[in-house]
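K.L.:
Respectively, the protein sequence lines represent chains S and V. Under this note's numbering, residues 1 to 327 are what the first sequence spells out, in order. Under this note's numbering, residues 328 to 579 are what the second sequence spells out, in order.
There may be inaccurate statements among the hints.
[Unchecked claim] Output of the computed footprint for chain V on chain S, the stretches with three or more beta carbons under 8 Å from beta carbons of chain V:
no., segment
1, 113-123
2, 217-225
3, 265-274
[To be verified] A few chain V residues facing chain S, derived, Cβ under 8 Å:
no., residue
4, Leu379
5, Ala393
6, Ala399
7, Asp414
8, Pro425
9, Arg432
10, Gln573
11, Pro574
12, Ala576
13, Val577
Hints listed in this document are in silico derivations from the structure and should not be mistaken for laboratory results. We put the beta carbon where it would ideally sit given N, CA and C, even for glycine.
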Amino acid sequence: MARLAIGLSVVVLTLFLAALTLGPAPIGPGESLRALVVGDAGPLSLVMREIRLPRALLAIMVGASLGLAGAAMQGYLRNPLADPGLIGVSGSAALGAVLAIQTGIAATVPLGLPFMALAGALVGVGLVLTLAGPRGSSLTLILAGIAISALAGALTSLVLNLSPNPFAANEIVFWMMGSLADRSMVHVALALPLMLLGGLMLASLGRGLNALTLGEDAAEAMGIGLMRLRLVLVFGTAAVVGAATAVAGVVGFVGLVVPHILRGFVGARPGALLWASALGGAAMVLAADIAVRVVLPDRDLKLGVLTALVGAPLFLHLIYRTRREMA
Amino acid sequence: MSLLNVRDLNVRLRGRLAVDGVGFEIGAGELVGLIGPNGSGKTTLMRAALGLVLFQGESSLAALPARARAQAAAWLPQAREIAWPVDVETLVTLGRIPHLGAGQRPRDADRAAVDRALATMDLEGFRARTATRLSGGEQARVLIARALAQETPLLLADEPIAALDPGHQIATMRTFEGIAARGQAALVSLHDLGLAARHCTRLLLLSAGRLVADGAPWEVLTEDRLREVFGITAHFAETADGPVFQPLAVVE
Chain S
1 MARLAIGLSV
11 VVLTLFLAAL
21 TLGPAPIGPG
31 ESLRALVVGD
41 AGPLSLVMRE
51 IRLPRALLAI
61 MVGASLGLAG
71 AAMQGYLRNP
81 LADPGLIGVS
91 GSAALGAVLA
101 IQTGIAATVP
111 LGLPFMALAG
121 ALVGVGLVLT
131 LAGPRGSSLT
141 LILAGIAISA
151 LAGALTSLVL
161 NLSPNPFAAN
171 EIVFWMMGSL
181 ADRSMVHVAL
191 ALPLMLLGGL
201 MLASLGRGLN
211 ALTLGEDAAE
221 AMGIGLMRLR
231 LVLVFGTAAV
241 VGAATAVAGV
251 VGFVGLVVPH
261 ILRGFVGARP
271 GALLWASALG
281 GAAMVLAADI
291 AVRVVLPDRD
301 LKLGVLTALV
311 GAPLFLHLIY
321 RTRREMA
Chain V
328 MSLLNVRDLN
338 VRLRGRLAVD
348 GVGFEIGAGE
358 LVGLIGPNGS
368 GKTTLMRAAL
378 GLVLFQGESS
388 LAALPARARA
398 QAAAWLPQAR
408 EIAWPVDVET
418 LVTLGRIPHL
428 GAGQRPRDAD
438 RAAVDRALAT
448 MDLEGFRART
458 ATRLSGGEQA
468 RVLIARALAQ
478 ETPLLLADEP
488 IAALDPGHQI
498 ATMRTFEGIA
508 ARGQAALVSL
518 HDLGLAARHC
528 TRLLLLSAGR
538 LVADGAPWEV
548 LTEDRLREVF
558 GITAHFAETA
568 DGPVFQPLAV
578 VE
């Protein structure tokens with residue numbers, strides 16, 4: 001267990017340093033790191049502090065958020081196919097962002113896009129909880145989440161459909177693919193408090209999720225308050241996934257694949273899977289964001305496209321392995 | 328000492344009275360069998376006594392705060408749920424959750440309780456095995472061990488022996504007898520009236536949500552009640568090997 005924690009931390013740290021030192025300008029890693037730490041008001045320091053550092057930090061934050069939320073959602077629903085997007089947060093956050101782009105708020109109001117995305121996530125979560133009811137089961141939560149996701153998706157398509165401005169439509173389509181390019185420390189400052197708050201909420205669920213291994217009845221009889229657990233889960237997920245979507249767009253497959261890969265390493269314990277998936281998610285998004293810059297440096301390959309391209313085959317492999325184990 | 332006191336308990340499920348004015352008390356040293364036909368309200372009664380379903384009336388357990396209740400009574404649901412492929416020891420250790428403070432890891436005392444539960448259920452060789460890959464009966468024993476590891480004064484178990492082989496059925500009933508002998512108590516729903524008659528100190532007979540009999544096995548399992556409630560005839564005798572109960576035929 002400790003070996004896994006150290007191993008994952010080393011991977012994340014290595015990828016973080018790689019993300020900081022990789023770039024189009026031919027500068028050595030030592031030199032660029034020195035410029036980051038010391039700072040000389042020169043162009044290199046500027047590049048390191050204003051471009052590469054926020055990008056690498058956001059990759060860690062977004063990845064950890066998605067991994068953690070995915071592990072929590074799978075643990076709560078006791079289903080390895082659950083995904084943080086299942087409760088409609090990412091769909092409604094995307095709708096908020098799309099509306100911001102379409103109406104021009106994104107271009108005229110500073111940080112209009114991320115704030116509209118957060119507002120979308122908040123409205124989405126409010127609707128899902130209202131639909132699912134205060135004492136509802138996990139099934140009503142999924143149904144409400146799917147309904148809101150579908151509605152948000154339909155409204156997003158409607159906005160695209162009726163968009164009189166091809167440039168706005170173009171921008172929307174590209175934003176929906178998810179990216180960490182051209183983000184600043186302002187984005188980090190906007191997302192960090194929400195992600196910390198939501199992350200702490202989700203991390204506190206370990207024991208309850210462990211108890212849920214035995215089913216809802218047994219967990220409740222062991223003193224786990226299921227209503228409270230569900231509220232903490234939904235608001236925690238909304239905070240981290242809403243913030244992640246607001247600053248990075250839609251980045252798929254991380255919340256689904258990472259807990260799935262790491263489950264075997266933590267003995268399938270849902271509580272231990274939380275922190276492992278946070279580290280694993282950070283590593284996956286860092287690696288994907290490095291790959292985006294290395295594979296096609298001049299073509300602006302989108303992060304969400306890459307995670308889906310890598311995630312889907314990985315997932316197929318996991319299905320194949322599961323099938324073989326069941327046979 | 329009373330470990331569970333239920334008075335005038337009513338549970339309404341979708342407009343139907345599933346439990347109808349039931350009252351009883353369980354004291355230390357008792358192994359109480361809860362018997363009755365399918366759909367007579369056994370599970371609902373136990374869940375209501377624990378406060379897991381809405382009810383009218385009084386239950387001393389349901390009145391406790393969640394954590395205190397979890398330290399006072401362990402609950403083994405009928406559905407044998409093991410959601411993730413965790414190892415047996417991890418699963419049984421979940422039973423210690425009510426005894427751990429926030430963020431606290433299992434202490435030596437908790438590990439000792441887990442060891443006792445594993446030994447009691449004949450599972451010492453299974454510690455590192457993946458729980459979901461065990462057979463149905465083995466999984467049932469692991470889940471009983473989980474409830475035993477909770478080491479509460481009262482154990483409520485819903486058809487705990489339904490999936491077990493005859494040897495482990497008898498061994499599990501003897502485990503529950505041991506619990507009672509140590510001054511704890513157990514309330515166990517059963518369909519095997521033979522085992523109920525041999526091992527329980529007392530039987531509660533439910534029919535259509537009402538408690539129709541409460542007493543020692545030979546007082547409860549009378550010819551008339553068996554015919555009215557279960558629609559069967561049976562042979563019930565006190566032998567040198569203890570009480571023997573064998574259902575014989577369905578009453579036409």
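K.L.:
Work down the list of hints and note, for each, if the structure agrees.
P.N.:
Hints, one by one, checked against the model:
no., hint, verdict
1, 113-123, "violated (count 0)"
2, 217-225, "holds (count 8)"
3, 265-274, "holds (count 4)"
4, Leu379, "holds (6 Å)"
5, Ala393, "holds (4 Å)"
6, Ala399, "violated (10 Å)"
7, Asp414, "holds (6 Å)"
8, Pro425, "holds (5 Å)"
9, Arg432, "violated (11 Å)"
10, Gln573, "violated (33 Å)"
11, Pro574, "violated (30 Å)"
12, Ala576, "violated (36 Å)"
13, Val577, "violated (33 Å)"
In this structure, the hints that do not hold are numbers 1, 6, 9, 10, 11, 12 and 13, in rising order.
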